[in-house]
Amino acid sequence: MESMAPSRFVTPGELADALGALRASSPLVQCLTNTVVTNFTANVLLAVGGSPAMVDVPGEAGDFAAVAASLLVNLGTPNTEQAAAMREAVTGAGAASTPWVLDPVAIGSLRVRTALARELAAAGPSVIRGNASEILALAGVSGGGRGVESTDSVAAAADAARELARSSGAVVAVSGEADLVTDGVRIVYVHGGSALLTRITGGGCALGAVCAAFLSTGPDPLVATVAAHAFYSAAAERAAEHAAGPGTFAPLFLDALAAISPAELRAAAVLS
Amino acid sequence: MESMAPSRFVTPGELADALGALRASSPLVQCLTNTVVTNFTANVLLAVGGSPAMVDVPGEAGDFAAVAASLLVNLGTPNTEQAAAMREAVTGAGAASTPWVLDPVAIGSLRVRTALARELAAAGPSVIRGNASEILALAGVSGGGRGVESTDSVAAAADAARELARSSGAVVAVSGEADLVTDGVRIVYVHGGSALLTRITGGGCALGAVCAAFLSTGPDPLVATVAAHAFYSAAAERAAEHAAGPGTFAPLFLDALAAISPAELRAAAVLS
Amino acid sequence: MESMAPSRFVTPGELADALGALRASSPLVQCLTNTVVTNFTANVLLAVGGSPAMVDVPGEAGDFAAVAASLLVNLGTPNTEQAAAMREAVTGAGAASTPWVLDPVAIGSLRVRTALARELAAAGPSVIRGNASEILALAGVSGGGRGVESTDSVAAAADAARELARSSGAVVAVSGEADLVTDGVRIVYVHGGSALLTRITGGGCALGAVCAAFLSTGPDPLVATVAAHAFYSAAAERAAEHAAGPGTFAPLFLDALAAISPAELRAAAVLS
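Protein chains in written order, with the UniProt record's numbering: chain A, 1 to 272; chain B, 1 to 272; chain C, 1 to 272.
I should point out that these hints are in silico values taken from the structure, not numbers from a laboratory. Errors might be hidden in some of the hints.
Stated by the list, open to error - Just so you have them, the derived chain B footprint on chain A, three or more residues with Cβ under 8 Å:
1) 31-39
2) 42-56
3) 246-252
Unchecked claim - From the derived model, a few chain C residues whose C-beta atoms are all more than 12 Å from chain B:
4) P6
5) E119
6) D159
7) E241
8) P262
Keep in mind the model is a prediction, meaning the values are calculated, not measured. Built from N, CA and C at the ideal position, the CB exists for glycine as well.
Could you build all of it, start to finish, from the sequences and the hints given here?
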């Protein structure tokens with residue numbers, strides 16, 4: 001990471017304000033996501049204070065994206081009909097200026113999702129979120145990871161993330177031991193979290209939905225994305241204190257997402 | 001609500017008998033439900049004492065509806081193939097007199113499911129279950145809620161529920177702080193429950209499956225539907241006593257559904 | 001069961017070695033499974049020490065099966081597109097000698113999955129896993145169970161399992177109070193476990209994924225399948241000690257899967 005000095009770009013107070021705004025507005029977050037994590041993602045959004053709506057069929061997805069507060073498009077299990085709904089949703093979001101997050105799960109060598117990710121990345125997402133291998137693959141630098149796992153470090157993806165942010169116009173977030181968030185100019189690292197998040201399925205996917213929820217809270221997608229990551233890390237740390245393994249971690253993590261106050265987030269966040 | 005006097009229409013003893021009958025028969029409940037809540041719904045049915053079967057593909061759904069004890073059709077994520085299976089299932093249920101529940105999730109402005117809900121409501125469900133906004137939308141009174149959330153109160157939907165019950169021939173149940181159940185003539189309110197049920201995804205959807213399970217226990221769908229709601233509320237209350245948040249609430253709720261005896265239900269139910 | 005004398009065919013030391021090898025290699029396990037249990041299956045695989053990848057769309061499933069360590073094909077909700085992906089995956093696995101598990105969920109009278117199960121069983125699975133009714137139905141002996149439930153005992157399916165193993169060339173595993181595993185010549189019974197596993201959805205389905213994970217650890221699919229069942233039973237027993245019902249059992253089961261060491265498995269396994 002670049003430095004452990006506090007971030008020049010985002011302050012803990014801004015994170016607290018973003019969480020307060022999210023809780024006050026209960027944003028309607030539309031999710032087109034994979035079949036593995038729909039339940040967990042909806043529960044994470046409810047715990048955070050959002051209102052999830054998994055509207056992912058053609059004929060509905062586009063109309064709904066125009067009224068939703070924000071949108072998540074996650075490519076984990078992109079069957080034909082859901083892929084069509086994703087195109088509708090992205091078009092609807094674009095027309096209505098609904099901010100949206102693209103999560104290019106496991107792209108690289110897998111053909112359907114890799115082509116779809118390139119197409120959607122060109123459609124103007126506000127945020128692109130993934131692990132290092134996914135970001136490297138979307139930036140065209142490497143061939144992707146091992147299934148949904150990253151085989152690259154966040155540091156190795158830093159240059160590609162910055163480039164991808166510049167070329168796409170999106171904020172790019174790379175998850176890892178420390179998370180990197182950049183808009184191509186500013187770079188913020190979010191520290192903390194828990195390795196248990198990588199031992200439950202959907203840890204990364206649901207973070208994409210939380211990014212979408214925070215996108216509705218203010219005008220700067222970099223601040224929103226950093227707030228989502230810092231909040232998620234703080235909740236994971238709190239849950240890990242009392243978890244006896246990945247099974248008991250998951251419900252405690254949801255409890256922590258529901259319990260952490262803006263003031264607690266301000267105190268817990270470690271940015272550089 | 002109309003009154004806090006004990007219901008003239010359903011007694012606590014009838015609820016206890018229904019639960020006893022459910023546990024004794026372990027009814028085979030077929031579910032065509034949305035991808036977000038399939039897992040939770042199946043676990044709820046198992047906890048209650050039923051036997052869930054998520055048979056939702058064309059070529060199977062109709063045959064199975066003829067042998068199932070009851071059926072749930074939930075419109076949360078109605079892709080093309082599942083919608084075709086729903087039509088098959090409803091036809092099979094009709095031919096075999098299998099009782100079934102329609103849950104018109106988030107209808108109103110969403111086109112695919114709203115048209116499908118109207119079509120299915122005309123096919124003779126035994127029970128229609130939803131939140132106030134969904135019932136108002138199905139009755140043609142309003143345009144629906146905010147995604148899966150109700151923006152209307154149960155009281156505001158009471159007249160529409162009674163009308164819908166009369167026109168459709170179904171028992172209509174409206175979930176809210178107190179739940180309303182009506183067959184167009186009788187009205188019963190079920191009190192209690194916990195707000196935590198609204199903080200986990202599938203709280204309402206799984207209740208539809210529980211209604212289906214109870215439908216197999218006796219000839220009066222009003223009694224069965226009231227029993228399902230009262231049992232669900234009692235379990236939610238018990239779980240909420242020890243939950244530290246929505247994450248720990250969910251497993252405790254399943255435990256409570258499995259643990260509550262007919263006698264405990266008789267003592268806990270508050271009807272008016 | 002044949003006898004309570006220790007198995008002549010598999011030793012507790014071999015089980016421990018298999019678990020050690022699984023943890024050391026973190027095998028990439030591709031799953032094409034039903035919508036009800038995808039989340040739980042992925043969490044079980046992560047807890048065990050594997051790396052789940054739910055790659056189940058046409059155009060990707062076949063390519064991925066060639067690089068995965070092993071593959072699960074589960075017929076619980078076989079929609080058209082997933083069925084096409086299953087055929088691709090099985091072809092890809094065959095070409096690359098990737099070992100794979102077939103789980104013929106609820107076959108018998110259900111037409112789509114029964115035909116598909118027969119087709120896939122002829123494509124060379126390494127392991128076929130099911131309950132007694134499913135194995136009897138696949139062997140052509142009976143018409144299947146009651147939905148996903150077995151209506152037959154393991155003992156009643158023993159001959160059919162042995163026959164099916166011989167005719168298919170697969171190891172056949174039958175889940176029940178004691179689990180039977182056979183390659184047509186050797187028969188091993190795995191004792192222990194907990195009835196709570198039958199009170200949560202996906203208990204059997206996720207076991208199929210664990211079988212796939214163990215298949216990557218050694219050359220003998222009988223040993224791998226016995227190891228998977230013995231490990232699963234040991235974890236269920238440990239979880240049941242502290243569970244207050246099916247809801248709290250599930251997270252404790254995941255914790256136990258993550259915690260049990262090879263030495264603990266060696267001590268806990270009861271084979272005959």
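Practice task
State the violated hints by number, sorted upward, taking the hints as numbered earlier in the document.
Solution key: Violated hints: none; all satisfied.
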